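When you get a sec, could you build the whole thing from the sequences and use the hints?
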Amino acid sequence: MGAALFLLLAVLTVVAALTVVLHPNPVKSAMALVVTLFLLAVVFVLLEAHMIAALQIIVYAGAIMVLFLFVIMLLNLQSDEPELGRGHGVQRVLAWSGGVLLALELAVVARGVPAAKVGATPAGYGGAVAVAKSLYTDFLLPFELTSILLLVAVVGAVVLAQRQRRPDVS
Amino acid sequence: MIVPTDWVLTLSAVLFAIGVVGVLVRRNVIVIFMAIELMLNAVNLSFVALARSRGAVDGQVVVFFVMTVAAAEAAVGLAIIIASFRNRATVNADELALLRG
Amino acid sequence: MIDVGIAGVKALLVLLMVLNLSAILLWVERKGSALIQDRIGANRANIFGGLLPFNLGIINTLIADPIKLLTKEDVIPAGADKLLPFLAVFPVLVTFAAVPFGDQLQIGSTTINLQVADLDIGILYVLAMSSLAVYGTVLGGWASNSRWALLGGIRGSAQMISYEIAMGLALIGAVMTFGTLDLQAIARAQGHHFFGVIPAWGVIYQPVGFVIFLIAGIAETKRVPFDLPEGESELISGYFTEYSGMKQAAFMLSDFAESVVVAGLATTLFFGAWQVPFLFRDGFHFPGGSVVALPQLVVVVLQIISFTIKVFLLCVFQILVRWTLPRYRYDQVMDLGWKFLLPIALANMLVTGVVVVLAG
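Protein chains in written order, with the numbering used here: chain A, 1 to 170; chain Z, 1 to 101; chain U, 1 to 360.
If you're looking for bench data, these hints aren't it; they were derived computationally from the structure.
The reader is advised that the hints may include incorrect statements.
Stated by the list, open to error - Every beta carbon over 10 Å from chain U, so not counted as near; a handful from chain A, in silico:
1. L12
2. V14
3. L18
4. V27
5. L46
6. I57
7. A61
8. L69
9. K133
10. I148
Unchecked claim - Stretch by stretch, here's where chain A covers chain Z in the computed footprint (C-beta under 8 Å, at least three residues):
11. 5-19
12. 34-44
13. 48-55
14. 67-78
Note that this is a predicted model, so its numbers are computed, not measured.
The beta carbon of each residue, even a glycine, is placed where N, CA and C say it ideally should be.
Take a look at the structure:
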């Protein structure tokens with residue numbers, strides 16, 4: 001029953017991901033990515049990672065994608081015209097065949113991993129307490145460094161995106 | 001409701017490959033960026049699947065960090081795109097080839 | 001299969017409750033605002049052309065309004081998108097799945113927890129769904145292909161994401177106090193009484209948190225005094241100007257449903273959810289020592305009624321605020337969210353943390 005649900009989610013996720021990559025309108029691409037992220041959050045819940053699923057929706061689908069949409073609307077991007085120009089047809093064929101080959105290779109490697117039998121996970125697995133305990137004890141240094149990284153990113157984004165002030169002409 | 005781990009890893013592989021194709025095929029810089037986010041999410045998925053098969057939450061904490069770094073990268077990357085759009089009025093990767101001689 | 005059936009019934013009940021509360025709030029809004037503004041309000045609708053000997057009053061308007069909205073011509077400007085309003089309603093209605101509306105019901109040998117989904121990360125789920133609510137606004141404004149709607153949409157979404165932060169931080173104070181993210185556990189933890197008399201509701205533990213949460217919640221729902229995105233006197237209807245008929249009904253519904261959601265969360269975390277003072281699972285235990293034993297069904301019904309009344313009172317409070325205060329300017333809205341609420345919420349978190357650690 002869980003496996004059937006996962007198959008359905010997997011098909012929907014692949015369809016949404018293909019829409020992201022193929023649709024000419026960037027706004028529809030962004031919405032398709034939001035749908036992909038939401039479906040992935042549902043898959044995370046199936047894999048008993050409840051806290052990460054909630055964080056995926058709050059951070060990824062709820063904040064990062066809103067940022068993407070803001071930028072797309074700010075730049076007022078219309079649908080992409082189909083690319084013309086020499087070399088593009090050959091490039092596209094090569095890219096697609098490369099992509100299919102990559103998918104097959106990764107799938108083969110992934111199935112070859114001697115993953116342990118999934119037994120019953122410990123109680124409270126994937127809940128907020130378990131993740132927080134690991135985060136604040138084993139991963140404390142990366143956690144503090146991440147806060148500095150976010151500060152740098154905020155300052156950098158503000159500096160890069162603000163308008164240049166014209167020097168006074170006086 | 002146990003999902004076999006190798007099914008999840010296969011899905012992750014397919015999503016990653018779709019992201020790679022998106023980066024290679026599309027010319028709109030923002031869509032390329034979105035394809036990169038797709039790749040990051042595929043990696044998150046395989047982290048979560050393998051964490052569950054090991055029964056440890058370390059994999060989920062790594063996902064937490066990947067999400068944070070992706071957020072920081074998205075903010076700075078989009079700011080760069082806005083800044084370059086002000087100068088060149090285009091988001092087409094072909095026309096943004098500044099280093100070409 | 002029985003579990004799925006029970007969950008379905010609970011989901012249906014919660015949905016009906018939210019929709020009914022929205023309809024009643026519409027009535028309260030129109031007549032209450034008329035009362036505050038010293039006028040009569042809507043009273044022109046009538047059934048059967050006035051042939052009936054009695055007048056149903058506002059009920060006529062409440063029946064006529066949905067009929068009008070449903071049968072209106074759907075004017076779609078060129079280039080606009082169609083599916084969006086239902087996307088705006090979905091996260092709002094789904095949030096109520098995590099809110100408990102009663103303790104537990106024992107039928108035979110099964111214990112039914114009166115909450116649609118017993119999530120151990122209840123509060124995170126609620127925050128996640130409120131993050132998704134931004135999309136309705138931003139896309140509603142953009143998809144209408146009209147500059148007034150776009151302005152409203154951008155202002156609205158910027159306001160929503162700013163106040164999400166203050167709302168989340170205010171909730172963290174409550175989480176630290178009760179030590180869990182599970183909403184039903186938090187509701188149960190508010191059952192005891194201080195000195196045997198004062199009910200230990202969250203607002204006593206976290207008064208500052210409650211105020212911040214309420215302000216941020218009102219800003220999230222884009223009601224006055226934060227209704228610049230919908231600026232009725234400037235932007236016509238802001239981000240949902242171009243929608244008519246059924247889609248406008250969906251947006252209006254999402255407006256009231258968000259109000260109910262904010263009230264429901266504030267009730268659960270700060271006002272004891274379904275707790276009635278002195279009511280325990282087997283009946284009333286008054287501080288004087290007298291015990292009134294009650295059958296379990298009566299207890300459950302009392303709890304559900306108390307939850308509904310508390311949510312309703314908080315919604316009425318939001319309506320009162322709406323018709324009393326003038327509208328904030330946009331830069332004032334942003335200042336309030338980032339420079340005022342955010343530092344206070346952080347300070348609240350710090351103080352709560354210190355107190356929790358010291359008190360053990």
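Evaluated hints:
Chain U leaves L12(A) outside its interface by the beta-carbon criterion, the shortest separation being 16 Å against a cut-off of 10 Å. The beta carbon of V14(A) sits about 22 Å from the closest Cβ of chain U, which is more than 10 Å, so the claim that it is off the interface holds. Annotated as non-interface, L18(A) keeps its C-beta farther than 10 Å from every C-beta of chain U; the closest such distance is 20 Å. For V27(A), the condition that its CB be more than 10 Å from all CB atoms of chain U is violated, with the nearest at approximately 7 Å.
The Cβ of L46(A) lies farther than 10 Å from every Cβ of chain U, with a closest approach of about 15 Å, so its non-interface assignment holds. The claim that I57(A) lies off the interface is violated: its Cβ sits roughly 4 Å from the closest Cβ of chain U, which falls inside the 10 Å cut-off. Look at A61(A): its CB is around 7 Å from the nearest CB on chain U, not clear of 10 Å, so calling it non-interface is violated. The claim that L69(A) lies off the interface is violated: its Cβ sits roughly 6 Å from the closest Cβ of chain U, which falls inside the 10 Å cut-off.
Non-interface call for K133(A) relative to chain U: holds, since the shortest CB-CB distance, roughly 14 Å, exceeds 10 Å. Every CB of chain U lies more than 10 Å from the CB of I148(A), the least distance being 18 Å, so the non-interface label holds. As drawn, the stretch 5-19 of chain Z meets chain A at 15 residues by the rule of a beta-carbon pair under 8 Å; at three or more, the given contact holds. Coverage of the stretch 34-44 of chain Z by chain A holds in this model, with 6 residues showing a Cβ closer than 8 Å to a Cβ of that chain against a need of three.
Proximity of the stretch 48-55 of chain Z to chain A, defined as three or more residues with a beta carbon under 8 Å from a beta carbon of that chain, is established by the 8 residues found. Against chain A, the stretch 67-78 of chain Z contributes 11 residues with a C-beta closer than 8 Å to a partner C-beta. That satisfies the three-residue criterion, and the hint holds.
Hint check: violations occur at hints 4, 6, 7, 8; the rest are consistent with the structure.
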